[in-house]
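Undergrad: Single-letter residue listing:
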Amino acid sequence: MKGAIVVNTERCKGCELCAEACPLDLIHLADKMVNRRGYRYVEQSDAERCTGCTSCAIVCPDGCITVYRKKIEN
Amino acid sequence: MENVISPENIVYQKPTLLNDNDMHYCPGCSHGVVHKLIAEIIEEMGVADKTVGISPVGCAVFAYNYVDIDWQEAAHGRAPALATAIKRLWPDRLVFTYQGDGDLACIGTAETIHALNRGENIAIIFINNAIYGMTGGQMAPTTLMGMKTSTCPYGRQADLHGFPLKITEIAAQLEGTCYVTRQSVHSVAAIRKAKRAIRQAFENSINRRGSSLVEIVSTCSSGWKKTPIEANKWMEEHMFDYYHLGDLKNNC
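Residue numbers (my numbering), protein chains in the order written: chain U, 78 to 151; chain A, 35 to 286.
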């Protein structure tokens, strides 16, 4: 199973609830970057490990995260 | 990675009823999660054109800017009275109010209790964060004992301020209510449970089974002067001891 997330960085407020919810600890605040509203926003690191579990998107108060998941045949 | 990111692989996205307006809520505010749940549920039920929401006075006063359904804005605390009128005039509509603890449990206590007692076929979503968020973190009727706010800087004391009001327990005693529950939105599991509860309340309204009250124990990270993550932990450690989660009444 392979997952991916896309964060709407202009909508994100950097509350980091998604980072706390991610079971693999793949989400963190982007370094020294802010959006047009002045909020820091999150980004994903080590994206290859994402399983697309949707935890981050479910807890996001602003609906910033879209989650994709695909079954990969070996 | 690129082949994973394509429309047919989407497993979760913002509900379309939650529009693209930037929400004014503070980072990590529970209101956002509940707005999202409401939009998801109405979308899943397919009743967007048959739903009327009543927004309160408080932080959620602008709820009508974010969820694309019909809304009415009520005077402070009077949302259940307005909902009563709307549901009686439009009996086939899903009518719900969305109120905070300052609106529902303080200035609107009378309207809330009487609407629930009459068994009006409305759903009430009650966001309880134990503080007045919008006006700057003053003590609310629901503020916990010993909790510090801007108007009780030494902590809430029983002899001076009385005790925190458990309005949901009162609602469960009323004959008119059919579904009374207390939920939270601090974790994935809690959010899923809260979604089921809100859906049940909405179905009760549309099927005219009586009044439903869904209390959501929430955070106010700005009012509590904590980060959103600390606020969730504080809520788990302190709020749940007094405001126990779970169904208080389910006659559906």
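Calculated from the structure, these hints are not laboratory results. The beta-carbon is built from N, C-alpha and C at its ideal position, and this holds for glycine as well. There could be a bad hint or two in this list.
[Unchecked claim] Negatives, chain A to chain U, calculated, CB over 10 Å:
| # | residue |
| --- | --- |
| 1 | Lys48 |
| 2 | Trp105 |
| 3 | His110 |
| 4 | Gly180 |
| 5 | Thr185 |
| 6 | Glu271 |
[Stated by the list, open to error] Stretch by stretch, here's where chain U covers chain A in the computed footprint (C-beta under 8 Å, at least three residues):
| # | region |
| --- | --- |
| 7 | 56-69 |
| 8 | 220-226 |
[Claimed, not checked] Straight-line distance between alpha carbons at most 20 Å, and here's what the computed EDC-like set of lysine to aspartate or glutamate pairs gives:
| # | chain 1 | residue 1 | chain 2 | residue 2 |
| --- | --- | --- | --- | --- |
| 9 | U | Lys109 | U | Glu93 |
| 10 | A | Lys84 | A | Asp102 |
| 11 | A | Lys267 | U | Glu93 |
| 12 | A | Lys259 | A | Glu271 |
| 13 | A | Lys48 | U | Glu87 |
| 14 | A | Lys227 | A | Glu77 |
| 15 | A | Lys267 | U | Glu97 |
| 16 | A | Lys260 | A | Glu271 |
| 17 | A | Lys48 | U | Glu120 |
| 18 | U | Lys79 | A | Glu42 |
| 19 | A | Lys48 | A | Glu78 |
| 20 | A | Lys227 | A | Asp275 |
| 21 | A | Lys260 | U | Glu125 |
| 22 | A | Lys283 | A | Glu237 |
| 23 | A | Lys260 | A | Glu270 |
| 24 | A | Lys267 | U | Glu120 |
| 25 | U | Lys79 | U | Asp102 |
| 26 | U | Lys79 | U | Asp108 |
| 27 | A | Lys260 | U | Glu93 |
| 28 | U | Lys148 | A | Glu270 |
| 29 | A | Lys259 | U | Glu97 |
| 30 | A | Lys227 | A | Glu270 |
| 31 | A | Lys200 | A | Glu271 |
| 32 | A | Lys84 | A | Glu74 |
| 33 | A | Lys227 | A | Glu42 |
| 34 | U | Lys148 | U | Glu120 |
| 35 | A | Lys48 | U | Glu93 |
| 36 | U | Lys147 | A | Glu78 |
| 37 | A | Lys259 | U | Asp108 |
Undergrad: For each hint, tell me whether it holds in the structure or not.
TA: Comparing the hints with the structure gives:
Taking the minimum C-beta to C-beta distance to chain U, about 3 Å, the non-interface status of A/Lys48 is violated against the 10 Å cut. The beta carbon of A/Trp105 is kept farther than 10 Å from every beta carbon of chain U, the shortest such distance being approximately 18 Å. Residue-level check passed: A/His110 sits 24 Å from the nearest beta carbon of chain U, beyond 10 Å. No beta-carbon of chain U is positioned within 10 Å of the beta-carbon of A/Gly180; the least distance is around 26 Å.
The claim that A/Thr185 lies off the interface holds: its Cβ sits roughly 26 Å from the closest Cβ of chain U, which is beyond the 10 Å cut-off. Separation of A/Glu271 from chain U is adequate, the least Cβ-Cβ distance of about 15 Å exceeding the 10 Å criterion. Evaluation of the coverage hint for the region 56-69 of chain A: fulfilled, as 11 residues show C-beta separations to chain U shorter than 8 Å, against a requirement of three. Here the region 220-226 of chain A counts 4 residues with a CB under 8 Å from a CB of chain U, which clears the bar of 3, and the coverage holds.
Between U/Lys109 and U/Glu93 the alpha-carbon distance is near 15 Å, which keeps this suggested pair within the 20 Å criterion. Distance hint between A/Lys84 and A/Asp102 is fulfilled; the C-alpha atoms sit about 12 Å from each other, no more than 20 Å. Of the pairs offered as hints, the one joining A/Lys267 and U/Glu93 holds, with about 14 Å between alpha carbons and a cut-off of 20 Å not exceeded. With a C-alpha separation of about 16 Å, the suggested pair A/Lys259 and A/Glu271 falls inside the 20 Å cut-off, and the hint holds.
Using a Cα cut-off of 20 Å, the hinted pair A/Lys48 and U/Glu87 holds, with the two alpha carbons roughly 14 Å apart. For the hint pairing A/Lys227 with A/Glu77, the CA-to-CA distance comes to about 18 Å; that is within 20 Å, so the pair holds. Among the hinted pairs, A/Lys267 with U/Glu97 is consistent with the structure: their alpha-carbon atoms are about 11 Å apart, no more than 20 Å. In summary, the hint linking A/Lys260 to A/Glu271 is supported, as the alpha carbons are separated by about 14 Å, within the 20 Å threshold.
Using a Cα cut-off of 20 Å, the hinted pair A/Lys48 and U/Glu120 holds, with the two alpha carbons roughly 18 Å apart. Distance hint between U/Lys79 and A/Glu42 is fulfilled; the C-alpha atoms sit about 14 Å from each other, no more than 20 Å. Distance restraint check for A/Lys48 and A/Glu78: the Cα-Cα separation of roughly 13 Å lies within the 20 Å cut-off, and the hinted pair is therefore satisfied. Taking the CA atoms of A/Lys227 and A/Asp275, the gap is near 19 Å; set against the 20 Å cutoff, the hint holds.
Only pairs whose Cα atoms come within 20 Å are accepted, and A/Lys260 paired with U/Glu125 is rejected, the gap being roughly 33 Å. Between A/Lys283 and A/Glu237 the alpha-carbon distance is near 16 Å, which keeps this suggested pair within the 20 Å criterion. About 14 Å separates the Cα atoms of A/Lys260 and A/Glu270, which keeps this hinted pair within 20 Å; it holds. For the proposed pair A/Lys267 and U/Glu120, the alpha carbon gap of about 23 Å is over 20 Å, so the pair is violated.
Between U/Lys79 and U/Asp102 the CA atoms are separated by roughly 16 Å; this keeps the pair inside 20 Å, and the hint holds. With a CA separation close to 26 Å, the supplied pair U/Lys79 and U/Asp108 exceeds the 20 Å bound. With a C-alpha separation of about 13 Å, the suggested pair A/Lys260 and U/Glu93 falls inside the 20 Å cut-off, and the hint holds. A threshold of 20 Å between alpha carbons decides the hint, and for U/Lys148 with A/Glu270 the separation of about 36 Å lies outside it, so the pair is violated.
Distance hint between A/Lys259 and U/Glu97 is fulfilled; the C-alpha atoms sit about 19 Å from each other, no more than 20 Å. A hinted pair counts as satisfied when its Cα atoms are at most 20 Å apart, and A/Lys227 with A/Glu270 qualifies at roughly 16 Å. With a C-alpha separation of about 18 Å, the suggested pairing of A/Lys200 with A/Glu271 holds against the 20 Å cut-off. Restraint check: the Cα-Cα separation between A/Lys84 and A/Glu74 comes to about 15 Å, which is no more than 20 Å; the hinted pair holds.
Only pairs whose Cα atoms come within 20 Å are accepted, and A/Lys227 paired with A/Glu42 is rejected, the gap being roughly 27 Å. Pair hint U/Lys148 plus U/Glu120 does not hold up; C-alpha atoms about 23 Å apart against a cutoff of 20 Å. For the given pair, A/Lys48 sits about 18 Å from U/Glu93 by alpha-carbon distance, which is consistent with the 20 Å threshold. This hinted pair does not check out: U/Lys147 and A/Glu78 have alpha carbons roughly 23 Å apart, beyond 20 Å.
For a cut-off of 20 Å, the pair hint linking A/Lys259 to U/Asp108 is broken: about 24 Å separates their Cα positions.
Of the numbered hints listed earlier, those contradicted by the structure are 1, 21, 24, 26, 28, 33, 34, 36, 37.
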